[in-house]
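Take the sequences, apply the hints, and build the full model.
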Amino acid sequence: MSMFNRNEKDPNTGVAVGEKPAEFTPAPVAAASVVKPPQPSVQPVPEIAVAKSAGPSVISKALKITGQLESTEDIRIDGEVEGDIHGVSVTVGSGAKVKGSVYGQTVELAGTIEGKIEAKKVILTSTAHMSGDVIHQDIRIESGAYIDGHCRPGTNKVDNKPIAKPN
Amino acid sequence: MLASHLSKAITVKGDLESDGELHIYGNVRGQVCADRLVVGPGGYLEGDVIARDVHIEGRLAGRIFALNVTLDSAAEVTGRIFHNTITVAKGARIDARMPWRPPSYFETLEQLPEVRQ
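As they're listed, the protein sequences go chains A and C.
Here the first sequence is numbered in my numbering, starting from 103 and rising by one per residue.
Here the second sequence is numbered in my numbering, starting from 24 and rising by one per residue.
Treat the hints as calculated values from the structure; they're not laboratory data.
Careful: at least some of the hints might be erroneous.
To be verified - The calculated SDA-like cross-link candidates involving lysine to any residue, where the alpha carbons are at most 25 angstroms apart (straight line), are:
{"no.": "1", "chain 1": "C", "residue 1": "36", "chain 2": "A", "residue 2": "186"}
{"no.": "2", "chain 1": "A", "residue 1": "166", "chain 2": "C", "residue 2": "34"}
{"no.": "3", "chain 1": "C", "residue 1": "113", "chain 2": "C", "residue 2": "86"}
{"no.": "4", "chain 1": "A", "residue 1": "166", "chain 2": "C", "residue 2": "131"}
{"no.": "5", "chain 1": "A", "residue 1": "201", "chain 2": "C", "residue 2": "43"}
{"no.": "6", "chain 1": "A", "residue 1": "166", "chain 2": "C", "residue 2": "84"}
{"no.": "7", "chain 1": "A", "residue 1": "201", "chain 2": "A", "residue 2": "172"}
{"no.": "8", "chain 1": "A", "residue 1": "222", "chain 2": "A", "residue 2": "208"}
{"no.": "9", "chain 1": "A", "residue 1": "163", "chain 2": "C", "residue 2": "38"}
{"no.": "10", "chain 1": "A", "residue 1": "199", "chain 2": "C", "residue 2": "36"}
{"no.": "11", "chain 1": "A", "residue 1": "218", "chain 2": "A", "residue 2": "172"}
{"no.": "12", "chain 1": "A", "residue 1": "201", "chain 2": "C", "residue 2": "44"}
{"no.": "13", "chain 1": "A", "residue 1": "166", "chain 2": "A", "residue 2": "205"}
{"no.": "14", "chain 1": "C", "residue 1": "36", "chain 2": "A", "residue 2": "176"}
{"no.": "15", "chain 1": "A", "residue 1": "199", "chain 2": "C", "residue 2": "52"}
{"no.": "16", "chain 1": "A", "residue 1": "163", "chain 2": "A", "residue 2": "199"}
{"no.": "17", "chain 1": "A", "residue 1": "199", "chain 2": "A", "residue 2": "240"}
{"no.": "18", "chain 1": "A", "residue 1": "201", "chain 2": "C", "residue 2": "25"}
{"no.": "19", "chain 1": "A", "residue 1": "166", "chain 2": "C", "residue 2": "52"}
{"no.": "20", "chain 1": "A", "residue 1": "166", "chain 2": "C", "residue 2": "71"}
{"no.": "21", "chain 1": "A", "residue 1": "166", "chain 2": "C", "residue 2": "64"}
{"no.": "22", "chain 1": "C", "residue 1": "36", "chain 2": "A", "residue 2": "207"}
{"no.": "23", "chain 1": "C", "residue 1": "36", "chain 2": "C", "residue 2": "99"}
{"no.": "24", "chain 1": "A", "residue 1": "166", "chain 2": "A", "residue 2": "234"}
In structure tokens:
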């Protein structure tokens, strides 16, 4: 009621009415200037977040994962993984260590894998250290790469699908 | 050092241990140890967390043991939040106990790999 009473008083005194709009006009400006700063601070966060959430997964040097990884997108490993990895394009960087099987469309190895690689396309770079079997359709081995295991062309479920498509 | 980054397309079942920063936008089920953990929008973590800083913009079910905890307005947390300082944004959904602990509590935790209640 006190609010209404004030409003009633204001129209009665012409000066009060004149003052009020004058007070109100700077108020939105002040309000706008107050609102604007949060917007730039808020806007970049979702943009970065969206870009980050959509990008490839990166397991950095500092990270060790014990368990299974599954992704429908690319994975880059520079750290340590004990467990199986399922990805589309899997890159194991130099210095990285994987104990387990690595499955994907493309697997590029510059680090160490103790286990198995099963992929359509396999690239072993000069710093690669592979202990275990490599099942592939297309393989490239650079000079300097270490392999202790069988390399054989794959006829598994993952590989059959790409074969069936061109036919 | 480059932060580890788990995108929205990834699912991890197992434990994660990092000396650095870890960003989770995908699904993780397991225990997480990191210096700084960020569960981004759309991210889901089911398991216990031991970290110095924890920032949550996604969902988390489990226990948090962290010196500094920040819950964003989009955060959804179930479980317990052991903290020294906590910031909760308006709109965060929290169904959790939030016990305060002195900094010494977290120092001993960092030495222990196992989470003790």
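Verification of the hints:
no., hint, verdict
1, 36(C) <-> 186(A), "10 angstroms, holds"
2, 166(A) <-> 34(C), "15 angstroms, holds"
3, 113(C) <-> 86(C), "21 angstroms, holds"
4, 166(A) <-> 131(C), "21 angstroms, holds"
5, 201(A) <-> 43(C), "22 angstroms, holds"
6, 166(A) <-> 84(C), "21 angstroms, holds"
7, 201(A) <-> 172(A), "15 angstroms, holds"
8, 222(A) <-> 208(A), "6 angstroms, holds"
9, 163(A) <-> 38(C), "16 angstroms, holds"
10, 199(A) <-> 36(C), "18 angstroms, holds"
11, 218(A) <-> 172(A), "16 angstroms, holds"
12, 201(A) <-> 44(C), "23 angstroms, holds"
13, 166(A) <-> 205(A), "19 angstroms, holds"
14, 36(C) <-> 176(A), "17 angstroms, holds"
15, 199(A) <-> 52(C), "22 angstroms, holds"
16, 163(A) <-> 199(A), "10 angstroms, holds"
17, 199(A) <-> 240(A), "23 angstroms, holds"
18, 201(A) <-> 25(C), "22 angstroms, holds"
19, 166(A) <-> 52(C), "15 angstroms, holds"
20, 166(A) <-> 71(C), "16 angstroms, holds"
21, 166(A) <-> 64(C), "23 angstroms, holds"
22, 36(C) <-> 207(A), "21 angstroms, holds"
23, 36(C) <-> 99(C), "20 angstroms, holds"
24, 166(A) <-> 234(A), "21 angstroms, holds"
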